[in-house]
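K.L.:
Going down the list, the sequences are from chains H and V.
Going by this note's numbering, 184 is the number at position 184 of the first sequence; the sequence numbering is gapless.
Going by this note's numbering, 356 is the number at position 356 of the second sequence; the sequence numbering is gapless.
Incorrect hints may appear among the rest.
Derived DMTMM-like pairs: lysine to aspartate or glutamate, alpha-carbon spacing no greater than 20 angstroms straight-line [claimed, not checked]:
| # | chain 1 | residue 1 | chain 2 | residue 2 |
| --- | --- | --- | --- | --- |
| 1 | H | 210 | H | 290 |
| 2 | V | 529 | H | 91 |
| 3 | H | 154 | H | 5 |
| 4 | V | 210 | H | 547 |
| 5 | H | 210 | H | 68 |
| 6 | V | 581 | V | 484 |
| 7 | V | 35 | V | 137 |
| 8 | H | 400 | H | 227 |
| 9 | H | 529 | V | 91 |
| 10 | H | 210 | V | 547 |
| 11 | H | 529 | H | 488 |
| 12 | H | 38 | H | 227 |
Partial list, computed: chain H residues near chain V (C-beta under 10 angstroms) [unchecked claim]:
| # | residue |
| --- | --- |
| 13 | 63 |
| 14 | 65 |
| 15 | 70 |
| 16 | 74 |
| 17 | 91 |
| 18 | 95 |
| 19 | 96 |
| 20 | 211 |
| 21 | 213 |
| 22 | 219 |
| 23 | 235 |
| 24 | 459 |
| 25 | 463 |
| 26 | 464 |
| 27 | 533 |
| 28 | 552 |
A few chain V residues facing chain H, derived, Cβ under 8 angstroms [stated by the list, open to error]:
| # | residue |
| --- | --- |
| 29 | 63 |
| 30 | 71 |
| 31 | 73 |
| 32 | 88 |
| 33 | 89 |
| 34 | 96 |
| 35 | 216 |
| 36 | 220 |
| 37 | 235 |
| 38 | 238 |
| 39 | 462 |
| 40 | 531 |
Calculated from the structure, these hints are not laboratory results.
Since the structure is predicted, the reported quantities are computational estimates derived from the model, not experimental observations.
For glycine and all other residues, C-beta sits at the position ideal for the given N, C-alpha and C.
Protein chains: 2
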Amino acid sequence: MTQVDVLIVGAGPAGYMLANALSHFGISKVLIIDKRDKRVSAGQADGIQPRTIEIFQGYGLAQRLLAEANYMCMAAMYNPDPNGGGIRCTERLPDITAPDARWPHELTLHQGGIEAIFVDSMRSRGLEVRFSTTVAEMELDQSLVGDPSAHAVKAKLVTTGTDGDQQETQMVQAKFAVGCDGAHSWVRRWMGHEMEGEQTDIIWGVMDGKPQTDFPDWRCKSPVHSEHGSCVVLPRENNSLRLYIQLDSSKGGGGEPGGRVDRSKYRLEDIQESAKQILRPYHITYPEIDWWTIYVIGQRVASAYSKSSRVFIAGDACHTHSPKAGQGANSSMGDTHNLAWKLFLTLKGLSTCHETLLGTYELERRKFAQDLIDFDKEFSSLVSGKPLSETHPEGVSHEKFVEAFTKFGSFSSGIGIRYEAYASGENVLLVPPTVEEQSLAKHVCVGQRVPTSIVIKAGDGRPMELHDTMPTNGSFRVLIWAGDVVEEPKALEAVKVASSVLSGSVKAHTPKGQAMDSVIDILTISTSKTETQFLQYLPLELRLGGDMRGWEKVYCDQPAYGGRTREQIGGKAFEHFGIAKDQGAIIVVRPDGHVSLITSIASPEKVRDYFGRFLKRFT
Amino acid sequence: MTQVDVLIVGAGPAGYMLANALSHFGISKVLIIDKRDKRVSAGQADGIQPRTIEIFQGYGLAQRLLAEANYMCMAAMYNPDPNGGGIRCTERLPDITAPDARWPHELTLHQGGIEAIFVDSMRSRGLEVRFSTTVAEMELDQSLVGDPSAHAVKAKLVTTGTDGDQQETQMVQAKFAVGCDGAHSWVRRWMGHEMEGEQTDIIWGVMDGKPQTDFPDWRCKSPVHSEHGSCVVLPRENNSLRLYIQLDSSKGGGGEPGGRVDRSKYRLEDIQESAKQILRPYHITYPEIDWWTIYVIGQRVASAYSKSSRVFIAGDACHTHSPKAGQGANSSMGDTHNLAWKLFLTLKGLSTCHETLLGTYELERRKFAQDLIDFDKEFSSLVSGKPLSETHPEGVSHEKFVEAFTKFGSFSSGIGIRYEAYASGENVLLVPPTVEEQSLAKHVCVGQRVPTSIVIKAGDGRPMELHDTMPTNGSFRVLIWAGDVVEEPKALEAVKVASSVLSGSVKAHTPKGQAMDSVIDILTISTSKTETQFLQYLPLELRLGGDMRGWEKVYCDQPAYGGRTREQIGGKAFEHFGIAKDQGAIIVVRPDGHVSLITSIASPEKVRDYFGRFLKRFT
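Input sequences plus hints: build the corresponding full structure.
P.N.:
Laid out in structure tokens, this is it:
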């Protein structure tokens, strides 16, 4: 009987994100299986939103993504030419929906390219996907669910040999299992949860390839409303292009009462013929087609996300929606990025209340999925809608579309995703701030991802993104925003008091023999200047208790040395966070980058109490 | 008999840069040999200057360098404490010597780490170093030197087997050979060239390791002048540290008339004991030593760099100097970065005058080496000098040292390196500008590396470093700085005329069947706005003659869309280059990034004539 910590069913974006994150955190007993005999190499989900790029960066994977993907920075809106003869460009505008993001634009890269980044990262730690493998049976021993170290899940796996005939079965015991097995999830059906919501009769075709075209804006995201239907033109890596094309649903039996559109009635030629009609007067041909498919828009979310907080579902197994807002892979990877560190804390025995902790996964991500569906319904109908005209006075006007496009930007970018901090304390991980606390860090929201800004490393003057000082490694961060401890005795005194309380928490929650920044990592950002050797003023506790690596824990909010003077960087972190330089603040950030709490530098006890609520004490 | 295009003797920084560049340009018949049985894994040259980072970026190698190296951004100057008791910090200041550089700071990474980047890059194209191999004999057939395609060099190579006994010999014929075989170069001796200059009796020890220390500025470049001698503290990757320590030369017989200091008289303990004395009152111990050595400062340059422009030397084979200005690996890699594209043009049969073309290598790089020696003499004596005090009124004052440190910055950073554009036309690759031409691009210098600035890609709104639009691939760039071709009919007309002449040059010098940007690549930077679809206004010639990849050749000088508003980027390229928006300019850039000529947008004939001087015509 093989024993693992986590069994992951399905190697798509959700499964890969989870497997990679767990192995990155040092959880070595992970088994990830997939029913396909190799990984996807073309097409499928491909839009990477700004927050997802930041998440990749946290795991050290963004550089390759940024090098291989196409940047999508501009949008061009096309509508019927009032003079007839087809479409024309109404407006070109930034496709920038998240000005606060570190990378404020979308990226496009085929799903195989995205997955290859995970595959190589996992391989460097010895983790590989077991392909051609499915779950045949699963059992959950309810008597064991209270013990996080128990192997409560039993699964029978079946692996098909390369010739397709031979089958091998294996019994596996897992502490936790996660179904990342897509819209038709076996794990979801095993749990008995339903998909709630509707199937529409709106049908779209999607096609990837290298085109020959005179369409002027083929390097912009171009939503096209024409008299012959709608399409979205999406630029892709390596000068390829994706087209989303609305098809005539009547051909597949749409519009009939109670009927369902039959996808099998449509062929590649239907997509190509529609594209030709919609894009007139421009021409497009596809000498090379990489991938194509037909889909009917459905907007549904699973009734629950877990069974006893031991078996979970994530990604398409939880929610389906239209792909046109570029949300598919992003929401799936967001699910397991949220779940991974909670499993990590549980498996490492760091938490006192694993069921409560793991319960926040559904609390946070199911609410997000419902918001996403609501957003998608509204946005999809605008994309699919007929253009406004004399014959269609109820149609979609250019102004209405641009308004929606902009309004939904913050949400669809992922930057605006905010988990609710219930005043009732329902979510143990998020503490709603008082009015006074919120005023200490005006631009920071509990439940949202923490902003970033360029700060200067005190020890060597190196400019760094604040996000890069907090790589995703499973630890919480306490950011102390301090005044000028060199010039202001009061500021120094406040930091000394806070550091004494906080280092008490660090010591209490760190298992013996582990690095002092492995569970709670204290970073200080000060208004002092690097020129003053101010590192020497700070209490040793803020520098890993005197460990020589501790110099990397202290930053200054000042402009970067030198650099091209025309592009001054640094010196705006306090301002960007909305923190007064003479007041300071403490901000706690979860391992997934979301803000837990905001409080005053004079109230370090609030931070101590926060961690005491769910982290185990070792002293 | 094996035939190769280029035989490279020696796999150090110079040899690796050359081998990698040639294979990157598509020269597949390269043989690189080294006498050692494996590559260096610790110590040795390790400082990477700002221009070298830019060069790595040109070959697509900077990301890994930036990820693995230590950033050195700050300097701390130490001098004797006037109150006695040892040294104290006099000043902390930016170690930023090249504010115009894309990365304005130094990097440190051990030589094995630098070389590994080349090794992996070369391996991806099937090129590996042949280790344990030396040249035993070499012959140059003078009757063949006029024919660039002839294998004029014959060499006998000897490879030693792994047991050290077996030897295998091989005869190799090469079109060109380059000795990158260090200060004791076999190739240089074979050519019969002398090293000219002096050996000093100043002796230094250098030591790499992971220290335990209370020295406060161990993450800054810290030159220390003490009553017990001088040292330089250099932070390194992975929290390690390098110390350069001046040793007592009398121990090795220095100071005797005509005597030479004997390095063998010194041991690791001498370095450690000196460090202890110099750094008082601070303490330092080295629980781990990675590497150490002793060297005597010599400042010499070879009398010539080639034999008949068929056999060359580069790197330490050409010049030796003290390592304290962090120039070693940089000047060596700079040599072969300069030579590589000239060999490439010759080997691809693109040049009409290969001897003149290859002759510019010595013309440019020997002059640079001489300047470097002059610089090094002055700087070394300041670093080695006794501190100013009552007993040493002739000593080095803090003010004098800081002044020299700053003055030499631009040169030592590599950004300030400027090859001379002789009015006599002695250097066919550089055209001295007239006063009027210089006024068109006030901040651009012929012979210096072209500046960079952020520009916006017209087709998709993506912000890019101008340097990144000109990756090092062997082609020349013609930068057309155009006015607003959408709003200004005159600006459009000027671009139309220029594009017609320039595209004539492109067609003439591009061999049949090759991409139209493979020899001369035209890029346009305009003051027009991306929102206007101005791409459509430009003549097709400026977009690769209508090839769909041509959209990547056109840029706008405007602020980037969105982005964190606190750090506006883009929109300052004309200003940074000193080009008037209503006037424009044409700038030609060589494949190594150095500026060839500056002229008016109304004088494209000057560009045509420039290329006509050394590039072959194919039509």
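K.L.:
If a hint holds in the structure, say so; if it doesn't, say that too.
P.N.:
Right, here's what the structure says about each hint:
no.: 1; hint: H:210 x H:290; result: holds (8 angstroms)
no.: 2; hint: V:529 x H:91; result: holds (13 angstroms)
no.: 3; hint: H:154 x H:5; result: holds (12 angstroms)
no.: 4; hint: V:210 x H:547; result: holds (13 angstroms)
no.: 5; hint: H:210 x H:68; result: holds (16 angstroms)
no.: 6; hint: V:581 x V:484; result: holds (8 angstroms)
no.: 7; hint: V:35 x V:137; result: holds (14 angstroms)
no.: 8; hint: H:400 x H:227; result: holds (18 angstroms)
no.: 9; hint: H:529 x V:91; result: holds (13 angstroms)
no.: 10; hint: H:210 x V:547; result: holds (13 angstroms)
no.: 11; hint: H:529 x H:488; result: holds (13 angstroms)
no.: 12; hint: H:38 x H:227; result: violated (42 angstroms)
no.: 13; hint: 63; result: holds (5 angstroms)
no.: 14; hint: 65; result: violated (12 angstroms)
no.: 15; hint: 70; result: holds (8 angstroms)
no.: 16; hint: 74; result: holds (3 angstroms)
no.: 17; hint: 91; result: holds (8 angstroms)
no.: 18; hint: 95; result: holds (8 angstroms)
no.: 19; hint: 96; result: holds (3 angstroms)
no.: 20; hint: 211; result: holds (8 angstroms)
no.: 21; hint: 213; result: holds (8 angstroms)
no.: 22; hint: 219; result: holds (4 angstroms)
no.: 23; hint: 235; result: holds (6 angstroms)
no.: 24; hint: 459; result: holds (4 angstroms)
no.: 25; hint: 463; result: holds (8 angstroms)
no.: 26; hint: 464; result: holds (9 angstroms)
no.: 27; hint: 533; result: holds (6 angstroms)
no.: 28; hint: 552; result: holds (9 angstroms)
no.: 29; hint: 63; result: holds (5 angstroms)
no.: 30; hint: 71; result: holds (4 angstroms)
no.: 31; hint: 73; result: holds (4 angstroms)
no.: 32; hint: 88; result: violated (11 angstroms)
no.: 33; hint: 89; result: holds (7 angstroms)
no.: 34; hint: 96; result: holds (3 angstroms)
no.: 35; hint: 216; result: holds (6 angstroms)
no.: 36; hint: 220; result: holds (6 angstroms)
no.: 37; hint: 235; result: holds (6 angstroms)
no.: 38; hint: 238; result: violated (10 angstroms)
no.: 39; hint: 462; result: holds (4 angstroms)
no.: 40; hint: 531; result: holds (5 angstroms)
Checked against the numbered hints given earlier, this structure breaks hints 12, 14, 32, 38; the rest are met.
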